[in-house]
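Respectively, the protein sequence lines represent chains A and B. Taking my numbering, the leading residue of the first sequence gets 1, the next gets one more, and so forth. Taking my numbering, the leading residue of the second sequence gets 1001, the next gets one more, and so forth.
Accuracy of the hints is not assured; some may be wrong.
Cut-off 27 Å, straight-line C-alpha distance, at most; resulting in silico cross-link-like pairs (DSS-like, lysine-lysine) [said to hold, decoys possible]:
hint, chain 1, residue 1, chain 2, residue 2
1, B, K1064, B, K1282
2, A, K56, B, K1099
3, B, K1071, B, K1189
4, A, K31, A, K56
5, A, K56, B, K1042
6, B, K1090, B, K1064
7, A, K2, A, K71
8, A, K71, A, K56
9, A, K2, A, K13
10, B, K1189, A, K56
11, A, K2, A, K31
12, A, K56, B, K1238
13, B, K1042, A, K31
14, B, K1064, A, K56
15, B, K1189, B, K1064
16, B, K1282, B, K1099
17, A, K93, A, K157
18, B, K1042, A, K71
19, A, K3, B, K1042
20, A, K2, B, K1071
21, B, K1090, B, K1282
Source of the hints: derived by calculation from the structure; they are not laboratory data. No experiment lies behind these values; they were computed from the predicted model shown.
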Amino acid sequence: MKKQITISVNGEKHTLEVEPRELLVHVIREKLRLTGTHIGCDTTSCGACTVLLNGKSIKSCTVLAVQADGKEVSTVEGLATAEGLHPLQEGFKENHGLHCGFCTPGMLMRAKELLEHNPNPTEEEIRWGIAGNLCRCTGYNNIVKAIQYASAKMQGKETPSTEPEFV
Amino acid sequence: MIPAPFDYAAPGSLEEAFSLLEQHGDEAKILAGGHSLIPMMKLRFASPEFLIDINNIPGLSHIKEEDGYLKIGALTREAELETSEVIRAKYPIFLDATKLIADPQVRNMGTVGGNIAHGDAANDHPAVMMALRAEVVISSAEGQRTVPIDEFFYGFYMTAVQPNEILTEIRIPVPGPRTGNAYHKLERKVGDYATAGVAVQLSLDENGVCTYAGIGLTNVNPVPMRAARSEEALVGHKLDAERIELAGQYASEDCNPSSDLRGDEDYKRAVVKALTKRMINKAIERATS
């Protein structure tokens, strides 16, 4: 039996009919056509499907769309504004924080919540903070740098060197 | 992967939830964080006909000391343990454990009650709750009952919670002075289940004699296990290297690990011994600092 749900996605309200078994990631990608959120492992491991649900990062392959009823969803499409890229996006661009880009939307959304809770994380806190997001290209070092860059920029500090590290 | 079809309701009160349980019996499953249940449903290991989402029910999410107990509401997220003042001040064992439970996104959804109610010896909270001698509050339309953690786990995925009941709270006796606790699990990578895990809580008197010992083991027995002989080896004694060695030895002898991809039986027994000794030392350090 279908259920009617209302979710706000990147500030825009949507009312949809969904089956209870539909996963949030499928609704985001296939019904709302926001394909920035990726499906990687489909088993709660890789973090490519990470979005924010009421400001908390979650893996949308393991949440039912009906569980998001009445809640706010933020996806990678909502990061950049008319003024330009989000500091995290800028950090990933400047620091070579991606190669293929498949993990990037999930990394960005996870990092967004991390910096909201902890605006000035240590390197170790960043590494634990993105422990639920897998990247098969970068070896993570430049992703850590990208998040450090965003952390500095968002606090109005001088951004660290963007010399990429190849390992 | 998409779960098999099911019907869904998100009641706003426990009474409504009990009445849905009454209607649907054991065809219904409770949905809390969903991070054990939904993966099983996606793999079609579980196909409940009805999900009762308890996330809209008020009063199930709290961490507070009251009437001599630390009370943790069943819907409390793992992430909430990490930021709780009372946990940070007095129960570092939960910080040890939550850091090693899955990953940050999973901890934003996963609940303490669900981790226990799932009845999986590979989960981390059961061993922690054994070390702390927790009680589990189970509610139904008839009222509440309290079950000691040692009587809660019946078998693989089977617990004391009956089809008409919901686990609503966990109660932990507030420990006395000079108490320390610690947990560690060996995992192959972030998000893996424990190769083995050990939870320890100890209380010492003014002379350093052990007055309380609780030791729980993760994933080395078909059900979460208390290392009873290790506890007995500690209580009433000063905890010198010889005593700690003995407790570690007993735990490694008494557990029942099975050989799998995480290691063979002998290796796991060795891990249990090493972790038991380490966690005893860490608990002593915390009790005396």
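Each hint, compared with the structure:
Pair hint K1064 of chain B plus K1282 of chain B holds up; C-alpha atoms about 25 Å apart against a cutoff of 27 Å. Restraint check: the Cα-Cα separation between K56 of chain A and K1099 of chain B comes to about 17 Å, which is no more than 27 Å; the hinted pair holds. For a cut-off of 27 Å, the pair hint linking K1071 of chain B to K1189 of chain B is broken: about 31 Å separates their Cα positions. Simply put, K31 of chain A and K56 of chain A have alpha-carbon atoms about 22 Å apart, close enough for the 27 Å limit, and the pair holds.
Of the pairs offered as hints, the one joining K56 of chain A and K1042 of chain B holds, with about 23 Å between alpha carbons and a cut-off of 27 Å not exceeded. Simply put, K1090 of chain B and K1064 of chain B have alpha-carbon atoms about 12 Å apart, close enough for the 27 Å limit, and the pair holds. Of the supplied pair hints, the one linking K2 of chain A and K71 of chain A holds, its CA atoms being roughly 18 Å apart against a limit of 27 Å. For the hint linking K71 of chain A to K56 of chain A, the alpha-carbon distance of about 11 Å falls within 27 Å, and the restraint holds.
Distance check on the hinted pair: K2 of chain A and K13 of chain A sit about 19 Å apart at the alpha-carbon level, within 27 Å; holds. At most 27 Å may separate the alpha-carbon atoms for a hinted pair to count; K1189 of chain B and K56 of chain A meet this at roughly 23 Å. At most 27 Å may separate the alpha-carbon atoms for a hinted pair to count; K2 of chain A and K31 of chain A meet this at roughly 14 Å. With a CA separation close to 46 Å, the supplied pair K56 of chain A and K1238 of chain B exceeds the 27 Å bound.
Restraint check for K1042 of chain B and K31 of chain A: satisfied, since their Cα atoms lie roughly 20 Å apart, inside the 27 Å limit. Annotation: proposed proximity of K1064 of chain B to K56 of chain A holds, straight-line Cα distance about 23 Å (limit 27 Å). A C-alpha spacing of about 32 Å is found between K1189 of chain B and K1064 of chain B, which places the hinted pair above 27 Å, so the restraint is violated. Under the criterion of a C-alpha separation no larger than 27 Å, the hint pairing K1282 of chain B with K1099 of chain B is consistent with the structure, at around 17 Å.
A distance of roughly 18 Å separates the Cα atoms of K93 of chain A and K157 of chain A; the hinted pair therefore holds under the 27 Å criterion. Distance restraint check for K1042 of chain B and K71 of chain A: the Cα-Cα separation of roughly 23 Å lies within the 27 Å cut-off, and the hinted pair is therefore satisfied. Between K3 of chain A and K1042 of chain B the alpha-carbon distance is near 19 Å, which keeps this suggested pair within the 27 Å criterion. Between the alpha carbons of K2 of chain A and K1071 of chain B the distance comes to roughly 38 Å, so the proposed pair goes past 27 Å and is violated.
A threshold of 27 Å between alpha carbons decides the hint, and for K1090 of chain B with K1282 of chain B the separation of about 14 Å falls inside it, so the pair holds.
In terms of the numbered hints stated before, the structure departs from hints 3, 12, 15 and 20, listed from lowest to highest.
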